[in-house]
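A.B. asks: Those sequence lines, one after another, are chains V and S.
Taken in order, the first sequence gives residues 164 to 388; the numbers are from this note's numbering.
Taken in order, the second sequence gives residues 1348 to 1570; the numbers are from this note's numbering.
Simulated from the structure, these hints should not be mistaken for lab results.
A hint or two may mislead.
With a straight-line cut-off of 25 Å between C-alpha atoms, the simulated DSS-like cross-links for lysine-lysine are [unchecked claim]: (1) Lys1462(S) <-> Lys1480(S); (2) Lys214(V) <-> Lys245(V); (3) Lys1476(S) <-> Lys245(V); (4) Lys296(V) <-> Lys1442(S); (5) Lys370(V) <-> Lys346(V); (6) Lys1442(S) <-> Lys1462(S).
Please read these numbers as outputs of a predicted model, since none were measured by experiment.
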Amino acid sequence: MQIAMENGTIARTPPPPTLLAGRAAVPGKTKDARSRMDDNADGATAPDFAKKIEAVGARQDKQAFEVLFRHYGPRIRAFMLKRNADRQQAEELMQETMITVWKKAALFDPARGNASSWIFTIARNVRIDAYRKTNRPEFDPNDPAFVPDEVIPADEVVQMGQSAERVRSAMEVLPPEQLQLLKLAFYEEASHSAIAEKLNLPLGTVKSRIRLAFAKLRDALGERP
Amino acid sequence: MNISHHIGDELLLEYATGALSEGWSVAVATHLAMCPHCRARLAAMEATGAQLMEGIEPPPTTETDEMSWSLLSERIDTVDQETSGEKPIRYEPRKERTVPEPLYSYLGGNPDEIKWRSLGLGAYHFPVKLGDKSTSVRLLRIPAGKPVPEHGHGGRELTLVLSGSFSDANGRFGPGDFEETDDDIEHQPVADPGEDCICLAVTDAPLKFKSRIVRIIQPLLGI
Chain V
164 MQIAMENGTI ARTPPPPTLL AGRAAVPGKT KDARSRMDDN ADGATAPDFA KKIEAVGARQ
224 DKQAFEVLFR HYGPRIRAFM LKRNADRQQA EELMQETMIT VWKKAALFDP ARGNASSWIF
284 TIARNVRIDA YRKTNRPEFD PNDPAFVPDE VIPADEVVQM GQSAERVRSA MEVLPPEQLQ
344 LLKLAFYEEA SHSAIAEKLN LPLGTVKSRI RLAFAKLRDA LGERP
Chain S
1348 MNISHHIGDE LLLEYATGAL SEGWSVAVAT HLAMCPHCRA RLAAMEATGA QLMEGIEPPP
1408 TTETDEMSWS LLSERIDTVD QETSGEKPIR YEPRKERTVP EPLYSYLGGN PDEIKWRSLG
1468 LGAYHFPVKL GDKSTSVRLL RIPAGKPVPE HGHGGRELTL VLSGSFSDAN GRFGPGDFEE
1528 TDDDIEHQPV ADPGEDCICL AVTDAPLKFK SRIVRIIQPL LGI
């Protein structure tokens, strides 16, 4: 994996035919598209949401934005509902997230992560801002004191492009108790002590399950030790 | 930079999910700025969170979605897209920065430009102001070859070395290295000879210094 590439060019497999083509994405079709996506989940192809984000960024492409909304909107709303939000608030936070996607689309860099990761981090930050009065400090890759990544060989970059599918398939084989813990952490923003309390587990057990889960996921992503 | 002590999975996960409060996050994010290895690990965690969000089966498409979309499609007509970050930091090209963001902005300058306060015995500190009152964040400057005043913890303590190095029971910690200690661990960090050690220290409770002198002046220093 890498954060910053020397240039934006990535050797990717060709994108599949557009699955949720623009305005044709009517209710009911979404499901079809998803199951087709799952059929292709072993890495060769997947609907290219990254291209849609780039289209929004490059030319304010509203049709591409609608494709993103039809897929991510309901999921973001459901994600917001997981953490105490009422339906009204979840809707507002989802709208806020999608507006941010629209505004920041030109800043999306597929070399730095897949489309889902990018949208997830925006949703997470919107949620943090809504619940917390203090900042979430972040590093800045434009900072002259930032230590950049080594340049990654091209074949590993290809793997990075597939990482969403690879993470998903790795998660499918996680033991249920590890998956449950990750869900609590990400859905409810629970600290590991909060998780320990909620599941009535010793803190050490929670910590070791977290480490085991990520050891497996990183292994699946082919990260060099 | 040759970093050998990294952020643990449990702590990094809290940063990835958003559970970690501001004070701890200053240390985590500053280490991330210095450590490509931990950024790759963070990216893997965010990809995991993304797949968990993807995996939520939303209810079948409803009128709500149509209403959402009509509202959203109106709203985007009135907002401008950004071509740069939300509040981009302006970097002066001639100014050398010896610590990365986010720490630099919290300090308001490089460590050699801030107003250090004496802790006695040649040690100095600089408390960092932040909105999060549940933690205390400070820079420490320990003279070369001298121990950090011995202390136990009320809870978690994070230490990020910025320059110089120190050693304790867990090993040697040089620039960029990150140490997390917990609860009642008594450790005795000693700055290595040759160079003063400057590090960022975050605690969730006032440090309980054992040295009598430091304990007496602790309330006066507000640490």
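A.B. asks: Against this structure, judge whether each hint is valid.
C.D. replies: Hint by hint, here is what the structure shows:
1. Distance check on the hinted pair: Lys1462(S) and Lys1480(S) sit about 22 Å apart at the alpha-carbon level, within 25 Å; holds.
2. For the hint pairing Lys214(V) with Lys245(V), the CA-to-CA distance comes to about 29 Å; that exceeds 25 Å, so the pair is violated.
3. Distance hint between Lys1476(S) and Lys245(V) is unfulfilled; the C-alpha atoms sit about 33 Å from each other, more than 25 Å.
4. For the given pair, Lys296(V) sits about 32 Å from Lys1442(S) by alpha-carbon distance, which is inconsistent with the 25 Å threshold.
5. A hinted pair counts as satisfied when its Cα atoms are at most 25 Å apart, and Lys370(V) with Lys346(V) qualifies at roughly 15 Å.
6. Only pairs whose Cα atoms come within 25 Å are accepted, and Lys1442(S) paired with Lys1462(S) is accepted, the gap being roughly 19 Å.
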